[in-house]
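The number in my numbering is simply the position in the sequence shown, starting from 1, with 189 added.
If you're looking for bench data, these hints aren't it; they were derived computationally from the structure.
Every residue, glycine too, gets a C-beta built ideally from N, C-alpha and C.
A couple of the hints might just be wrong.
Unchecked claim - Using 27 Å as the maximum straight-line C-alpha spacing, the simulated DSSO-like pairs for lysine-lysine come out as follows:
| hint | residue 1 | residue 2 |
| --- | --- | --- |
| 1 | LYS370 | LYS191 |
| 2 | LYS349 | LYS405 |
| 3 | LYS319 | LYS611 |
| 4 | LYS319 | LYS382 |
| 5 | LYS219 | LYS191 |
Said to hold, decoys possible - Distance ranges between label pairs, derived from CB positions:
| hint | residue 1 | residue 2 | range |
| --- | --- | --- | --- |
| 6 | ILE365 | PHE553 | 26 to 36 Å |
| 7 | ASP543 | GLY466 | 52 to 62 Å |
| 8 | ILE548 | GLU228 | 44 to 54 Å |
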Amino acid sequence: MKVLNYENIIVGGGLAGISTAIELLDHNKKVLIIERDIEEHFGGLAKRSFGGILFSGTPQQKKAGIKDSPQLLFEDWMRYGDFTKIDSLGAQWAKYYSDNSISVIYNWLIAKKVDFLPVVNWPERGMDVKGNSVPRWHITWGTGYDLTNKVTNYLVNHPKKEHLEIKFQHKVESIIIDNKKAVGIEVIDELTKERFNITSENIIIASGGIMGGDLKLVKSHWPTRFQTPPDSLLNGSHKYADGTLHLDLDKKGIPSTHLNKQWHYAAGIPTPNPEKGKFKDGLSLVPPRSAIWVDATGKRFRPPLVAYTDTSYFVEHILKTKDQYSWSIMNWKIAIKELAVSGSDYMTAFRNRDKLRLIKDVLFGNKDLVNRLIEESDHFIVADNLADLVKKMNEQDEKIVVDFETLEKGLKAYDDEIDRGKKYFNDEQLRRLVNFRLYKADKIRTSKFQKILDPKAGPLIAVKQYILSRKSLGGIPTNLNSQVIDKNGDTVSGLYAVGESAGFGGGGIHGSRSLEGTFLGSCILTGRVAGAHIAGIKL
């Protein structure tokens, strides 16, 4: 068998792997990146993301008068993540992120010409557990598509680019470990089917988590609080995030941790144009705050589910229902103002950095997006009246489960409360909408207490939504140098894990919930830390 040798090998060409490679090249180190996907997809799932990143203490926050601090962020993180041990590896990584989000992540991206919108967003405020105390979610101007392209372009045009080599469509099947030292990898060229080994001084695992592939590992590690995994579960992760190296290391005494801590989204639909070779490809919607969420029978969730509050809470309560999916009921006026997609492919004004188009969408509604979703997806149901809407909803399935009277009663009760006036609001969703609209960035994207059955706001729209897998909150345990730790707590010499492979740091930086925006940020953070440690420096 052929054996090659490289100084440093990075397994995976997503944002974490690319960040690691840049750090190594910055310190004159030689790098081989092995990426299983095609060159067009270099950058991984980050390239198709909305590009939101959590920071604390940015110029954007300060200009908006948002009083934030690393300490406040860390307190929010510990509470929302439900950490039981503040000295755990995950908690230590959370503290490191909180203290260094500006110096290690934000400034690094700004230096690579990545821009952020001036308005800071505020997701994950929390339902029964308080989330973000202040707005921290910074949207990349150009979405994850532009962010990834700029970072990737910086990499391939690096002053030390002669020290970089990239092998696409190669799969790493195993890490070779000898006496607690990583010495090489077993590789297959998926085009030629040739197998060979590569030896190296350092191996950095950046191959993603377990939330993609055929979803078998997702289901085998399913969180107990989420009931049973639904048959309708969609794949919102990378098609190659199948946990191959997690399983390989587990056999060698390096077990992953917290794999039952998973981040799913509640509003997934089958992707209208699925990626070739991807199992049950799903698209993640950002549903309107003013939409009414009901279960498969048309019964409104209580407490009501209100977008931007608590993703994990939504998933838990939807999965407690018999059919384990939901409907989001809205009208045209709400949809064009509030509906979005968590990805770059559909948010074209953001992705293309089209300021005029973005202003037009904010002022007059994103009609093109809603029309596109209605045209492309049979999970968007449109009708001029509620009776016809329910009839079409029930044509979606052999089982006729949506009850017209139940749905009508819930919608009318909501609309009647709006008619009585804001000072009489006692509906939890309306109270939250009042609170949302106190913040300028939310006010411009939230309807002013719009009734659902208002004939002037029609037609009516119902969206059938499934649970969508997204991110592994657990992974390969690492210390604060991104070095992999075995079952005895000892470091494995020459072996590192970064990004989602490492549970975004320490095998579980997020705890049980994410404040959102910490995924892309942690990929950069852990990648830079690994590269710096190999280079013998501290960030």
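Here is how each hint holds up against the structure:
1. LYS370 to LYS191: Cα-Cα ~21 Å, so holds.
2. LYS349 to LYS405: This hinted pair is violated, its Cα atoms lying about 41 Å apart.
3. LYS319 to LYS611: OK: LYS319 and LYS611 at ~24 Å, within 27 Å.
4. LYS319 to LYS382: 51 Å, violated
5. LYS219 to LYS191: 21 Å, holds
6. ILE365 to PHE553: 26 to 36 Å: Check failed, 59 Å falls outside 26 to 36 Å.
7. ASP543 to GLY466: 52 to 62 Å: 31 Å, violated
8. ILE548 to GLU228: 44 to 54 Å: With a Cβ separation near 35 Å, ILE548 and GLU228 fall outside 44 to 54 Å, so the hint is violated.
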